[in-house]
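Peer 1: Sequences are here, hints too, so could you generate the full structure?
Chains as they are written, first to last, in the numbering used here: chain A, 1 to 601; chain X, 602 to 880.
No lab work stands behind these hints: they were computed from the structure. Careful: at least some of the hints might be erroneous.
The following label-pair restraints were derived from C-beta to C-beta distances [claimed, not checked]:
1. X/Asp871 - A/Asp247: 28 to 36 Å
2. A/Gly12 - X/Thr743: 34 to 42 Å
3. A/Gly319 - X/Asn702: 22 to 30 Å
4. A/Phe315 - X/Glu873: 44 to 52 Å
5. A/Leu385 - X/Gly747: 48 to 56 Å
6. A/Gly319 - X/Lys742: 52 to 60 Å
7. A/Asp407 - X/Gly701: 56 to 64 Å
8. X/Gln730 - A/Leu318: 52 to 60 Å
9. A/Glu406 - X/Asn744: 48 to 56 Å
10. A/Phe315 - X/Ser813: 51 to 59 Å
11. X/Ser762 - A/Ser41: 26 to 34 Å
12. X/Lys877 - A/Leu186: 25 to 33 Å
13. X/Lys865 - A/Glu187: 49 to 57 Å
All residues carry an ideal CB built from backbone N, CA and C; glycine is no exception.
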Amino acid sequence: MELAFKIGALAGEGAFVAGRTLGRIFARVGYNVVGYPEYPSLIRGGHNAYQVLISDKKINSPREMVDVVIAVNKEAVLFHKDSLNKGGILIYDATINDEKFNIREDIKKVKIPAMRIINELKASPKMKNTVFVASALAVVDFDLNVFLEMLKEEFSRKGEEVVRLNQEVAKKAYEFTKQSIGKPLLELPKIGEASPYLSGNEAVGLGAIKAGLKVYAAYPMTPASSLLHFMVQKAKKHNLTVVQTEDEIAAANLAVGANFAGKRAMAGTSGGGFALMTETVGMAALAETPVVFFLAQRTGPSTGMPTWTEQADLFQALGASQGDFLRIILAPGNVEEAFYLAGEALNLAEIYQLPVILMSDKFLAESHFTAKLDPNKIKIKRGKLVLEGLPPLKPGEKFKRYELTEDGISPRTIPGVPNGEHVATSYEHEEDSSTTEHFEERAKQVEKRWEKKIVHIKKEELTKPKVYGNSKIAIAVWGSQLLPALDAQQMLKEEGIEVSILHFHWLFPLFKENIEPIWRGFEKIVMFENNSSSQFSRLLRAETSLFPDVLVNKYNGRPFFPEQMKEVMKDLINSNFSKKHVKVTQEKENYEYYKPWRYKI
Amino acid sequence: MAGILDFNVPEKPQWCPGCGDFGILAGVKKAFAELGLETHNTVVVSGIGCGGKIPHYIRTYGYEGLHGRLLPLAIGIKLANPDLTVVGIGGDGDGIAEGGNHFHHTFRYNPDIAYFLQDNQVYGLTTGQTSPTSHKGMRTKTNPDGVKIPEAKPVPLALASGATFVATTFSGNLKHMVEMFRLAIQHKGFAFVDVYQPCVTWNNINTYEYWSKHGYITDHDPTDFKKALEKAYEPYFTNWEKVPLGVIYKYERNTMEEEIGANKEETIRDIEEDLKELM
Ligand SMILES: Cc1ncc(C[n+]2csc(CCOP(=O)(O)OP(=O)(O)O)c2C)c(N)n1
Ligand code: SF4
Ligand SMILES: [Mg+2]
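Peer 2: Below, the structure written as structure tokens:
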């Protein structure tokens, strides 16, 4: 089974809280859940929506169409009524006048008197969310006690009375809905144990904490901000130093400084802020100070569409800072990978003593997913870090921080350790860290930082793309677009069409030897990129001379929906791959509502 | 405990003969030795400029970072290990132009870091362009007819930004400078010392003679904010006739490390409970 809810409300009316609560309720009794928020860059006045998709099987990505719409305000009715599948249910506030709305005949309407229920119980208007969540649960004949228990946990610090009132409101709304729909849409029993329901950003945060992160520095910017908020919440318990700096340049430098002094540190931002961090990326590379940059992409260029998604900052990450230097770029495909790769990013930075850029995007960063995470799989590896027992130095001598070694990686030590005195420097330097403009020394250091290290990086298992399935036709994706790809694969299977997925979570450096054998195993490869210029395909061609058979791009601010991937693949297969390029720009949903100022209803 | 010789390196500083940076280097090493700092527990952080090369000439830990960014870099080091003595040293272009945003915010944060501004009123390393602290009328590469725009005011700016320690000194007066450096390092909080430093190559106005003539040792009460403001503005009101040297202002409040929690503890806690909270 599979069921999708969508909650729509005026910005500030709590669609996200209600949506996340609904998601957690189902996650608690064993369902797989995907929660997907959409909102404009406004605090009040715009429209917010949150889709909750549930299934007893593994699901990964929101759907184009839903089964239940919960409309908190009248705009939500107008905007989402046509996103309902046939026979879907539309729950909306009884005070909404729906005469002019042309609601389809097949849709079942539930008009819930939210304010009347609240007023009758002398409850607070803030409990409107409770009404709608309870009502949604009634539609699927769900055990209300799970929600009642959750209300207790959530509100007990506000006192027994608040808990009781919320519970009463929930019960009333639940009963009312049950009566008004007659037969429930589905019956959803408990099917298993609870699993965490978390966002891509929360997964990055927890993975990093487990891997020993101690300092997080950031300047607020959607969609990285929620990681900053999460780290603030976790700061006390995990002894994190979380700093909201005066700008991104400061955040980047602060993170480098902390790493230099021996604490694992990360700086997080989105593309605009990363532009400001750029110079520091190069400094970390030249000084060989390990550091991780978290880059959560949004729709650019410039301010773009701040609350929407895109995968168009790959070249920015790749080209950040002047000069030739090695960096590692990772892009997790789901929350599990976000969790493990956050830990791995910190390891790689320290092992290879270079900057690592961990790329996410609004879609993965802010959507929620149920996931099974195993913290014990995260192991801390600090490479050639020496914390004691350094041999005495001669008077005036400095530690050979940039010693030329066979593998290009020099022993590293940190302030506080005797006999490790040296200068980490943004200038070219000799082995003992003194500045140099000696041509041979310069050449040696360049080779050390790139050629020598890369030989060892190539051996990392992580550098290989992952394959899901064994068809000769592949959907290729990188980063978050694994999510719709996995669901598209399943949808195609249900229609008797087998496809594989080729997923890249390691974006740079790319190794032909590690990719080609896998790549050549496919007859046709269709690359779906959530950008307009196929940045990854172009990078792949430059680095490996491999290039997909078909490019598919979507760049309207939304991620691919699995249905869209499915349709594209069917068309391509039916036409024997006659197209080389497909653009996906249309949506089924009436997305006019993201211009609220155009509407008078 | 290290003696002054322990801070020496064999490398010869690459500065013009007579450059004020030699005095600053000597002063820093002397202050370190007098305070009994240990070479491995001390970090000198710099930016880019002539003066920015200083970490290479002192045998401690060092970070020679980016032009204008030494303060956040130093803060990162201090927050990661508050037991270290962290001293930032950089030029006027570095600190007041490129790093201006960090400059005033760092006073608010008040990390326990000392910061010495190598204030030569010019861009030395890039061959003599106008600096924010170039005096009005000075002829520079970028203002051959004389600087028209009034100079930035680091000391008043520091006071307006919430500084807890501000001092001025002159690199030609080793004794005074060492005392200011010592007091700054000892101060609990962000301690800023504006060091007037002759650049013998690009600045023929603000010379050793100039500072000897106009500088005077102030003995006002540095805890009196009104008095401090008066002293801070004195050079500007007197058109640099009278330049007070000494501790301009001093008071104590909590440091950034105390306020936001510096990172002392190494333990990594389990996240099982955090995962449960998400259920
Ligand atoms: C981002 C950046 N911009 C410009 C430069 C070039 N640059 C190096 S030092 C400097 C100014 C130096 O002046 P100051 O900071 O006063 O130091 P001084 O040389 O006078 O000691 C400039 C503009 C640079 N290194 N980085
Ligand atoms: S140019 Fe000026 S500041 Fe630079 S070394 Fe020479 S005298 Fe010193
Ligand atoms: Mg200067």
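Peer 1: Look at each hint and say if it fits the structure.
Peer 2: Structure-based check of all given hints:
| no. | hint | result |
| --- | --- | --- |
| 1 | X/Asp871 - A/Asp247: 28 to 36 Å | holds (34 Å) |
| 2 | A/Gly12 - X/Thr743: 34 to 42 Å | violated (51 Å) |
| 3 | A/Gly319 - X/Asn702: 22 to 30 Å | holds (25 Å) |
| 4 | A/Phe315 - X/Glu873: 44 to 52 Å | violated (39 Å) |
| 5 | A/Leu385 - X/Gly747: 48 to 56 Å | holds (54 Å) |
| 6 | A/Gly319 - X/Lys742: 52 to 60 Å | violated (32 Å) |
| 7 | A/Asp407 - X/Gly701: 56 to 64 Å | violated (42 Å) |
| 8 | X/Gln730 - A/Leu318: 52 to 60 Å | violated (33 Å) |
| 9 | A/Glu406 - X/Asn744: 48 to 56 Å | holds (53 Å) |
| 10 | A/Phe315 - X/Ser813: 51 to 59 Å | holds (56 Å) |
| 11 | X/Ser762 - A/Ser41: 26 to 34 Å | holds (32 Å) |
| 12 | X/Lys877 - A/Leu186: 25 to 33 Å | holds (28 Å) |
| 13 | X/Lys865 - A/Glu187: 49 to 57 Å | holds (54 Å) |
Of the hints listed earlier, those the structure fails to meet are numbers 2, 4, 6, 7, 8, in rising order.
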